[in-house]
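Peer 1: Turn these sequences into a full structure, and let the hints guide you.
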Amino acid sequence: MAWTLADDLESFLARAGGFLRADPVANTVPLTVTESMRVQGPGLFGDALLGWWTAGGQVAGACLWTGAHPPMLSAMPEAAAAELADALAGRGARVSGVNGAPQAVEAFTDAWTKRTGAASSVAMRQRLYRLDGLDAPAPPPEGAARVAGGGDRGLAMEWFTAFHTDAGQPARANPGLVDGRIAAGGLMFWEIGARPVAMAGRTEVVAGMARVAPVYTPAEHRRRGYGAAITAAVTRSALDAGAEHVVLFTDLANPTSNGIYQRLGYRPVEDRLVLAFT
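With the working numbering applied, the sequence shown covers 1 to 278.
Below, a list of computed lysine to any residue pairs in the SDA-like style, where the Cα atoms sit at most 20 Å apart:
| id | residue 1 | residue 2 |
| --- | --- | --- |
| 1 | Lys-114 | Val-95 |
| 2 | Lys-114 | Pro-77 |
| 3 | Lys-114 | Ala-89 |
| 4 | Lys-114 | Ala-82 |
| 5 | Lys-114 | Phe-277 |
| 6 | Lys-114 | Pro-102 |
| 7 | Lys-114 | Gly-90 |
| 8 | Lys-114 | Gly-92 |
| 9 | Lys-114 | Glu-83 |
| 10 | Lys-114 | Thr-278 |
| 11 | Lys-114 | Ala-87 |
| 12 | Lys-114 | Ala-276 |
| 13 | Lys-114 | Ser-96 |
| 14 | Lys-114 | Val-274 |
| 15 | Lys-114 | Arg-91 |
| 16 | Lys-114 | Pro-70 |
| 17 | Lys-114 | Gln-103 |
| 18 | Lys-114 | Arg-94 |
| 19 | Lys-114 | Asp-86 |
| 20 | Lys-114 | Ala-79 |
| 21 | Lys-114 | Ala-93 |
No wet-lab data here; the hints were simulated from the structure. Since this is a predicted model, take the numbers as computed values, not measurements.
Peer 2: Below is the structure:
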């Protein structure tokens with residue numbers, strides 16, 4: 001039983017790809033992130049460290065660590081999570097936090113604290129939802145959805161950044177990610193006349209799954225149904241693109257968004273935990 005840590009995307013996909021694709025809903029983030037890296041280049045999200053844990057010759061856990069984001073852990077045995085913490089500490093890695101299934105996150109954190117003395121705190125509690133059946137708002141609000149084009153790049157960058165800020169991630173939007181969404185037709189606006197009032201994006205379909213992200217409505221346009229309407233529209237576009245599973249994450253501290261997505265037909269799958277180290 002051991003971890004293999006590497007920065008080579010092709011090696012990671014060759015060894016861990018089957019494990020991730022066996023449960024595309026739970027592994028939505030590593031699947032979609034690595035697909036974007038494969039298509040747009042391995043440096044899309046900055047420096048990356050990729051890992052897989054084997055037991056009995058089979059991959060039974062995976063880790064994705066890109067850019068400024070904390071390492072994301074798949075479901076894995078507690079022993080694997082603890083071993084990963086030890087391996088990263090042994091490399092002198094600067095780990096700001098950890099994200100993933102609560103059991104794995106807690107095992108990683110216990111081991112990390114023992115090795116480094118770092119304290120931890122809850123940064124966010126998330127819930128993963130999967131579409132059961134789309135129930136679009138009826139009647140819809142004023143306006144209509146349209147697919148974003150190259151001329152929308154400036155506004156998309158602004159709204160992606162605002163979304164990150166609202167989510168407590170004060171990082172500027174990733175230009176390559178925004179460009180990729182637009183080029184693939186995976187970004188949509190809800191418009192009234194020619195004025196955008198809400199935005200939603202989605203990943204490309206990977207292993208029969210697509211993830212809705214981000215969903216953003218400027219403060220002055222909220223509570224009018226635009227966010228729900230554009231989420232329904234981008235969900236429909238994912239289904240039309242062949243997605244069997246459409247998923248999204250919510251912040252459990254935001255009851256409004258959780259309620260909206262459930263009314264659209266999304267149902268809870270599992271919770272995730274994001275911890276920060278201090």
